[in-house]
Amino acid sequence: MQSGDLKTRVKLQRKGAAAWEDQGEAYAHLRWLRGSETVLAGRLAGRNTVVISLRSGALTRAAETSWRIKDATTFAVFDIKSIIPGDDFTEFTCLSGSPG
1 MQSGDLKTRV KLQRKGAAAW EDQGEAYAHL RWLRGSETVL AGRLAGRNTV
51 VISLRSGALT RAAETSWRIK DATTFAVFDI KSIIPGDDFT EFTCLSGSPG
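For the sequence shown, counting from 1, position 30 maps to 30 in the numbering used here; every step adds exactly one.
Derived from the structure by calculation, the hints contain no laboratory data. Check before you lean on any hint, since a few could be wrong.
[To be verified] Cut-off 25 angstroms, straight-line C-alpha distance, at most; resulting in silico cross-link-like pairs (SDA-like, lysine to any residue):
no., residue 1, residue 2
1, K11, R31
2, K70, R34
3, K70, R47
4, K7, A18
5, K70, Q23
6, K81, A19
7, K15, R34
8, K15, V77
9, K7, E91
10, K70, I83
11, K11, D87
12, K7, R34
13, K11, R55
14, K7, T65
15, K7, T60
16, K7, A17
17, K15, D71
[To be verified] Label pairs and their computed distance ranges (CB to CB):
no., residue 1, residue 2, range
18, A58, R34, 31 to 39 angstroms
19, V51, E25, 30 to 38 angstroms
20, T74, D5, 17 to 25 angstroms
The beta carbon of each residue, even a glycine, is placed where N, CA and C say it ideally should be.
My request is simple: use the sequences and hints to build the entire structure.
Below, the structure written as structure tokens:
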């Protein structure tokens, strides 16, 4: 992946006392997964799996699986399920949609 692939503006959010609070914004690359049995089962429940890649930095190092990612343009919300840190990019495996 290259920096030019990061085209979607997203916000990382943490649950506050009363609402979700923005922790920071960044450009990201969204890659929708398809094909595996687990992914297909999720679609039946109205949820899709997406891998969201962001440039590694202080924001991605602070992120936790209790946080969520919100598309700043479409306002779609993605629940973070796992975080894979890397030297250049951090990958977040997320689920879209509300729980079934």
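Hints, one by one, checked against the model:
For the hint pairing K11 with R31, the CA-to-CA distance comes to about 17 angstroms; that is within 25 angstroms, so the pair holds. Of the supplied pair hints, the one linking K70 and R34 holds, its CA atoms being roughly 21 angstroms apart against a limit of 25 angstroms. Among the hinted pairs, K70 with R47 is consistent with the structure: their alpha-carbon atoms are about 15 angstroms apart, no more than 25 angstroms. Straight-line distance between C-alpha atoms of K7 and A18 comes to about 31 angstroms, which puts the hinted pair past the 25 angstroms bound.
Taken as a hint, the K70 and Q23 pair is honoured in the structure, with Cα atoms around 11 angstroms apart against an allowance of 25 angstroms. For the hint pairing K81 with A19, the CA-to-CA distance comes to about 20 angstroms; that is within 25 angstroms, so the pair holds. Straight-line distance between C-alpha atoms of K15 and R34 comes to about 29 angstroms, which puts the hinted pair past the 25 angstroms bound. At roughly 13 angstroms between alpha-carbon atoms, K15 and V77 fall within 25 angstroms of each other, so this suggested pair holds.
A hinted pair counts as satisfied when its Cα atoms are at most 25 angstroms apart, and K7 with E91 qualifies at roughly 15 angstroms. Our distance criterion of 25 angstroms between C-alpha atoms is met by K70 and I83, whose separation comes to about 16 angstroms. Proximity of K11 to D87 is assessed by CA-CA distance (about 21 angstroms); at most 25 angstroms being required, the pair is judged to hold. As the CA atoms of K7 and R34 are separated by approximately 21 angstroms, the hinted pair is consistent with the 25 angstroms bound.
This hinted pair checks out: K11 and R55 have alpha carbons roughly 13 angstroms apart, not beyond 25 angstroms. For the suggested pair K7 and T65, the alpha carbons sit about 23 angstroms apart, so the restraint of at most 25 angstroms is met. A threshold of 25 angstroms between alpha carbons decides the hint, and for K7 with T60 the separation of about 17 angstroms falls inside it, so the pair holds. As the CA atoms of K7 and A17 are separated by approximately 31 angstroms, the hinted pair breaks the 25 angstroms bound.
In summary, the hint linking K15 to D71 is supported, as the alpha carbons are separated by about 16 angstroms, within the 25 angstroms threshold. A beta carbon spacing of about 33 angstroms between A58 and R34 agrees with the range 31 to 39 angstroms that was offered as a hint. In this structure, V51 and E25 break the distance hint of 30 to 38 angstroms, their C-beta atoms being roughly 19 angstroms apart. The beta-carbon spacing between T74 and D5, approximately 18 angstroms, falls within the hinted interval of 17 to 25 angstroms.
The structure is inconsistent with the numbered hints 4, 7, 16 and 19, although it conforms to all the rest.
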